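**Student:** Using the sequences and the hints given, assemble the complete structure.
Position in the sequence shown counted from 1, then plus 6, gives you this note's numbering.
Bear in mind the hints are in silico, worked out from the structure with no lab data behind them.
Mixed in with the good hints there might be a few duds.
[Claimed, not checked] Straight line, CA to CA, 27 Å or less: simulated DSS-like cross-link-like pairs of lysine-lysine:
#: 1; residue 1: K146; residue 2: K329
#: 2; residue 1: K295; residue 2: K321
#: 3; residue 1: K220; residue 2: K250
#: 4; residue 1: K279; residue 2: K295
#: 5; residue 1: K16; residue 2: K256
#: 6; residue 1: K256; residue 2: K220
#: 7; residue 1: K301; residue 2: K44
#: 8; residue 1: K279; residue 2: K290
Everything numeric in this text was worked out from a predicted model, so none of it was measured.
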Amino acid sequence: MAFFTVNNVKIRGIAACVPQTVEENSSLPFYKTPEEAKQVINAIGIERRHIASADIAVSDLCCKAADQILAALGWGKESIDLLALITQNPDYLNHPTSFVVHERMGFPDSTMCLDYFHGCPGWVTTLSSVASMISNGGIKRALLLDGDTVSKDQGAASREERPLFGDAAIATALEFCEGAQPMYFNIGTLSEGGKALARLQGGYRHPYTLETLKSELGRLAGTLQDKEIYKMDSMDVFSFAITKIPKAIKRLCVTFGVSIDDVDLFVLHQANKMIVDSIAKRLKISEEKVPLSLKNYGNTTSVSIPLTMATTSAKRYRNEQLKNVVCGFGTGLAWGAAFFETENLVIPEIQYI
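**Tutor:** Written out as structure tokens, the structure is:
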């Protein structure tokens with residue numbers, strides 16, 4: 007695992023955008039009774055999710071979030087030196103989505119664009135990369151955009167996945183600030199377990215055949231059960247999350263001399279309530295310090311940490327100086343844990359598209 011410090015960078019604000027369409031887990035067609043639906047909802051802690059329609063892509067969500075944070079901060083597009091974008095659901099297969107946002111929003115040619123492909127740890131790991139580039143002062147301002155329409159990857163008949171995943175995007179504004187409190191990071195990867203979340207068909211290693219493509223389309227439409235062609239290994243992911251993640255957070259704090267008792271908020275990836283509660287219990291931290299947004303948004307993959315900051319905990323972030331530990335985990339299998347301080351963040355009201 008990699009431990010490192012980033013100096014001279016401040017998070018100035020976060021804006022969030024979600025689709026208008028809401029899917030209630032209590033209304034999913036594969037539950038036989040209301041009692042069955044209620045049992046699942048109680049276990050995962052997710053009542054509803056925002057779902058992108060067919061005509062909404064990641065760039066649409068990211069552009070709206072970016073517009074909001076620029077307006078709220080009074081930052082001109084010409085002042086943005088770096089536009090970084092994380093997604094697992096790019097607009098195009100062979101064209102960076104950050105380029106799409108750059109063109110649509112009219113950023114100048116002096117704005118550097120970078121795309122990052124990552125899953126649930128993505129916001130933390132990309133934050134470490136973007137902040138490192140800012141820290142020497144060559145890049146003064148950056149927008150870190152993060153968006154996924156992961157619901158489009160889930161089978162309509164999947165009882166295991168469909169109740170979990172929602173769609174969202176955020177824009178995080180970062181700025182060079184000499185003397186700012188340091189950010190601390192612990193980034194790690196357990197790649198031998200990575201295929202627990204991998205979809206093995208459709209890439210260049212295993213391109214779709216006519217047969218496997220038909221199966222994939224059937225899975226998405228709900229006419230073919232997931233177990234026939236694809237199944238997430240949820241027990242492997244659960245075991246990884248409740249064993250590796252508390253240790254990663256503890257090692258972050260020990261390495262950099264951070265007292266867990268002094269941390270104001272632990273914002274964890276919103277995988278499901280059972281996982282988040284288990285991690286908090288192993289760290290011996292109170293529920294009040296572990297905000298949850300998954301009730302109304304579900305698991306929004308790498309977006310879930312900043313989305314929680316910009317929704318459930320927005321009032322505190324707007325009005326207080328806070329010490330934060332954040333940790334994203336999952337795809338890889340990997341994790342990204344970080345400690346940083348925030349002060350009076352600019353957080354506009356959540357946007358809908």
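**Student:** All hints are to be evaluated individually against the structure, with a verdict given for each.
**Tutor:** Hint check:
no.	hint	in the structure
1	K146 to K329	23 Å, holds
2	K295 to K321	14 Å, holds
3	K220 to K250	37 Å, violated
4	K279 to K295	14 Å, holds
5	K16 to K256	24 Å, holds
6	K256 to K220	46 Å, violated
7	K301 to K44	13 Å, holds
8	K279 to K290	16 Å, holds
In summary, the numbered hints that this structure violates are 3 and 6.
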